[in-house]
Amino acid sequence: MSLIDIAFYFFAILIIASAYIVVTSKNIMYSAFALLFTFFGVAGIYVLLNADFLAITQIVIYIGGILVLIIFGVMLTNRITGVDIKTGTMSKFQIWMTAILCVIAAIGLILIFTQTNWNTALSPTKASTIEDIGTLLLTDYLIGFEIASVLLLIAIIGAALIARRKTN
Amino acid sequence: MTINLEHYLILSVILFCFGIYGIITRKNAVMVLMGLELVLNSANINFVAFSRFGGLNIEGHVAAIFVIILAAAEAAVALAIILNIYQNYKHINVDEISNLKE
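Taken in sequence, the protein lines are chains A and B.
Start counting the first sequence at 1; every next residue gets the next number (our numbering).
Start counting the second sequence at 1001; every next residue gets the next number (our numbering).
Keep in mind that the hints were calculated from the coordinates and are not lab data.
Built from N, CA and C at the ideal position, the CB exists for glycine as well.
Worth double-checking, as some hints may not be accurate.
Take a look, some chain B residues computed to stay more than 12 angstroms from chain A by CB distance [said to hold, decoys possible]:
#1 S1098
#2 N1099
#3 L1100
Subject to a maximum C-alpha distance of 27 angstroms in a straight line, what follows is the list of computed DSS-like cross-link-like pairs (lysine-lysine) [claimed, not checked]:
#4 A/K126 to A/K26
#5 B/K1101 to B/K1027
#6 A/K26 to B/K1027
#7 B/K1101 to A/K92
#8 B/K1090 to A/K26
#9 B/K1090 to B/K1101
#10 B/K1027 to B/K1090
#11 A/K126 to B/K1090
If we strip away everything but chain A, and leave its shape as in the complex, we get:
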């Protein structure tokens, strides 16, 4: 096994184990912290796939932004002083049905992915992808780029407006 194989299996096991903790932990705070390791593992996978800019973006936006926001949400919506930090789940029967459904979906998708004869052509590796991404964003994807900026502005204003306490 080469070093890149070992790195892939390390990140894959990290992602799968922490994702398992995220969806099964009874304490919602443990779930939030396990999500941190999932995001780090995905960033490592991006590095293995030669996506350096995306890996940094993943760490900055997901871990620095979304995860902090989620932890704020957990803290603001649970009575920390009480015992009510646990998150409720459904009955045992419903959980087992969901688990079986998910396993069936996983097996089906894995069969599709492994049976399909993908048109694989290895992309040329470059020292850095940042320049190409910047060129693409300001040429072919310019409209999407501008719409995304407007969307972020709308999201900021909307979120501030919705979360504000009503004062009469």
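Could you slot chain B onto chain A? The hints should help.
The following block gives chain B in isolation, referenced to the frame of chain A:
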């Protein structure tokens, strides 16, 4: 055995199914949001894997960036809505919230 496209696709399938499982089984709205982030991450792994192995070159990265932008906007708005629900109901169990207006 070298790592190829199928390995990354199978990893993203497993992450996707964990996310779906979390979305369906959890009652807490913040937990549903976390499951959603897992699903978006698995889609992103697919985009980047195809851009590396599928000859998509760098365009898959741009799609993944747009997904990350949407995830950030969605998390902000969703948490604002969750805070508002908490002020009205004193809990955020998604199965008990059935009123649009009090």
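Each hint tested on the structure:
no. : hint               : verdict
1   : S1098              : holds, 16 angstroms
2   : N1099              : holds, 17 angstroms
3   : L1100              : holds, 14 angstroms
4   : A/K126 to A/K26    : violated, 44 angstroms
5   : B/K1101 to B/K1027 : holds, 21 angstroms
6   : A/K26 to B/K1027   : holds, 11 angstroms
7   : B/K1101 to A/K92   : violated, 32 angstroms
8   : B/K1090 to A/K26   : holds, 20 angstroms
9   : B/K1090 to B/K1101 : holds, 15 angstroms
10  : B/K1027 to B/K1090 : holds, 14 angstroms
11  : A/K126 to B/K1090  : violated, 53 angstroms
When each numbered hint is compared with the structure, violations occur for hints 4, 7, 11.
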